[in-house]
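Trainee: On the provided structure of chain V, position chain R as indicated by the hints.
Chain order of the listed sequences is V and R. 1 is the number of the first residue of the first sequence in the numbering used here; add one for each residue after it. 1001 is the number of the first residue of the second sequence in the numbering used here; add one for each residue after it.
No incorrect hints appear here.
Covered stretches of chain R, as calculated for chain V (at least 3 residues, CB under 8 Å):
no.	segment
1	1054-1061
2	1078-1090
3	1114-1124
4	1172-1178
5	1206-1216
List time: in silico DSSO-like cross-link candidates among lysine-lysine, alpha-carbon distance up to 30 Å:
no.	chain 1	residue 1	chain 2	residue 2
6	V	K100	V	K124
7	V	K20	R	K1042
8	R	K1225	V	K321
9	V	K42	R	K1021
10	V	K21	R	K1074
11	R	K1021	R	K1321
12	V	K20	R	K1225
13	R	K1020	V	K225
14	V	K42	V	K26
15	V	K100	R	K1100
16	R	K1100	R	K1321
17	R	K1321	V	K225
18	V	K303	V	K269
19	V	K225	V	K196
20	R	K1021	V	K74
21	R	K1026	V	K42
22	R	K1020	V	K42
23	R	K1042	V	K42
24	V	K124	V	K225
25	V	K26	R	K1042
26	R	K1310	R	K1020
27	V	K310	V	K21
28	R	K1269	R	K1021
29	R	K1300	R	K1269
30	V	K74	R	K1020
31	R	K1225	R	K1074
32	V	K269	V	K310
33	V	K321	V	K300
34	V	K20	R	K1074
35	V	K303	V	K21
36	V	K21	R	K1042
Restraint ranges, calculated between C-beta atoms of paired labels, are given here:
no.	chain 1	residue 1	chain 2	residue 2	range
37	R	K1261	V	E75	39 to 45 Å
38	V	V14	R	A1276	53 to 59 Å
39	R	S1062	V	S110	22 to 28 Å
40	V	D50	R	E1272	24 to 30 Å
Note that these hints are calculated values from the structure, not bench results. Yeah, the Cβ is synthetic: ideal placement off N, Cα and C, and Gly gets one too.
One letter stands for each residue in the lines below.
2 protein chains.
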Amino acid sequence: MGWENNVRRVVPYVPGEQPKKADVIKLNTNENPYPPSLEAEKAAASMSTDELRLYPDPSAESLVRAIAGCYGLKENEVFVGVGSDDVLAMCFMTFFNSGKPIVFPDITYSFYDVWADLLRIPYKTPPLTEDFRINPADYRGENGGIVFPNPNAPTGSFLPMESVEEIVAANRESVVIVDEAYVDFGAESALPLIRKYDNLIVVQTFSKSRSMAGLRIGYAMADEKLIRYLNDVKYSFNSYTLNRPSILIGTAEMNSREHFKECCARIAKTREASAARFRGLGFSLTDSCANFLFVTHPDKTAKEIFDYLKENRIYVRWFDKPRIRNYLRVTIGTDQEMDRLFACLSELF
Amino acid sequence: MGWENNVRRVVPYVPGEQPKKADVIKLNTNENPYPPSLEAEKAAASMSTDELRLYPDPSAESLVRAIAGCYGLKENEVFVGVGSDDVLAMCFMTFFNSGKPIVFPDITYSFYDVWADLLRIPYKTPPLTEDFRINPADYRGENGGIVFPNPNAPTGSFLPMESVEEIVAANRESVVIVDEAYVDFGAESALPLIRKYDNLIVVQTFSKSRSMAGLRIGYAMADEKLIRYLNDVKYSFNSYTLNRPSILIGTAEMNSREHFKECCARIAKTREASAARFRGLGFSLTDSCANFLFVTHPDKTAKEIFDYLKENRIYVRWFDKPRIRNYLRVTIGTDQEMDRLFACLSELF
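Just chain V, same shape as in the assembly (with noise of 0.2 Å):
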């Protein structure tokens, strides 16, 4: 029919696998071991149905105010959506509009080309060093905008501040959007540095650190005119997106720090202990601040050893892509569910 000449037509993403059996050990899709705070559980306990029947608040007050408390931030300097994804793509959607090319690393979250291909946004991508890091020279020059994780993904590797900076500085006719998925399991956040530079966006997500996965919630930090601009797009496309349950549950648990910490100390304690034990087997690791470890060995192909794993109902992430394709990523999980990940590949080494 003549209507299909004009669909959009895109290669979608493909998420990680989300297993619908029972007894799976499931380190494939980097959530947090660790279920939320009891505050959290209490606010859920507390949610009334009866509430459900109205629209929740569009701007999502309650949990805008706990984000700007935990970082001593205005509340206009504060943006919510649908997971950090949702606040990718507004952030492509109204920032890289230029017509001139994006930068992005060519290894890395692999969702930015799919947003850039489906708003048809130019992008280059810079390949990462030998070992796996981004170089500030590379994101020199005239470009559309830039974006990395922070720790990068699916690395794991940290860019030192002094070079997020540099990248920042260098590119003030550019919006630059340092990605922190997972920053609070050892890294540095750049969120000091939106006070001097007023192109910087800084991403954040309740689905690793903050064990929220399954409610869809991120945020991005920045000058309150970025975030203006980033409410108006989002107003625009669909204004009641977090729905009460988000709002509700997710202020609790932006209020409830201690537990927060705890678990990202754990999971750093699990993350070195986990990197001691795959080197012992004769695994070589890149350097992860994140809550996963990227790894391949010399005597296997990581296929191999993918697929040994899940027939062993031990699901880990691995990527059908250019210098990545005999690496795999592990999530840290429990210290027990480590410990069937190493009985499991003992067996194979």
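Mentor: Just chain R, lined up with the frame of chain V:
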């Protein structure tokens, strides 16, 4: 700064006011005055906070299955999103890419022109007839797509099915979206036509008839090919949109059919009684099939009445737009709420 030149600038949609005061009678955003079903309440109570750490099912399978089951469709004929606004925005993005103008009425849901502007889609808005009806003859000739609500908003007027079919049949080269947010309050759905026309999309929502504006769930029903294209774009924009509470509670609500029917019937009955009371006070009304009435009075301007009611803590909706500036859209509340509305109006007229 230079980056500001490349911002996507928009005039954002302004949602109806969400008063934070208590003791307000809220007849301004077409919410359902009755709570969701007991089944939904049970599902909400059964929600595990622990599981919030895990991503939701990106395909929202249980919810899609419940909707398909309710309407006698296959699962691949159903698409779900974060409210019908998300579903409609995805439809615009997916199907309205020809460069030719899309067509919708001059008086209609006020988000259509906002999405068109945001996505740089040209559009034409043929005027409704003098008595606010769609004239099918205006929806002929080359176009980039068609969208209209049925019943229309904010008029409540229903376009009979033969006229809907006439429009769909006359536009086999375009995608035609029938936005049925208000269909359950006494109108007829175009759903049976999706088997005959592969260019028709029927969009509905949980926000009105299903008492769940606070959860944000909308859905599209269409030929499986249209749904596949929609899902491709959706997965390229944000893979995990519906959160765990929405999928869990929405599934339960969709599976509980009696409560829904009862509430819709009760609202339709209150609407008819309220229409008579409005007429008794000298108002003129459109013939509304929705959960609201669209009213005007010869003696006072709509703005005067709006302000008067607001002072008395009764919120209705007034649109400061050509042709309808002298009308108010009044959501049907409970009988008690309508009693208070008419008691208040009686003091004015």
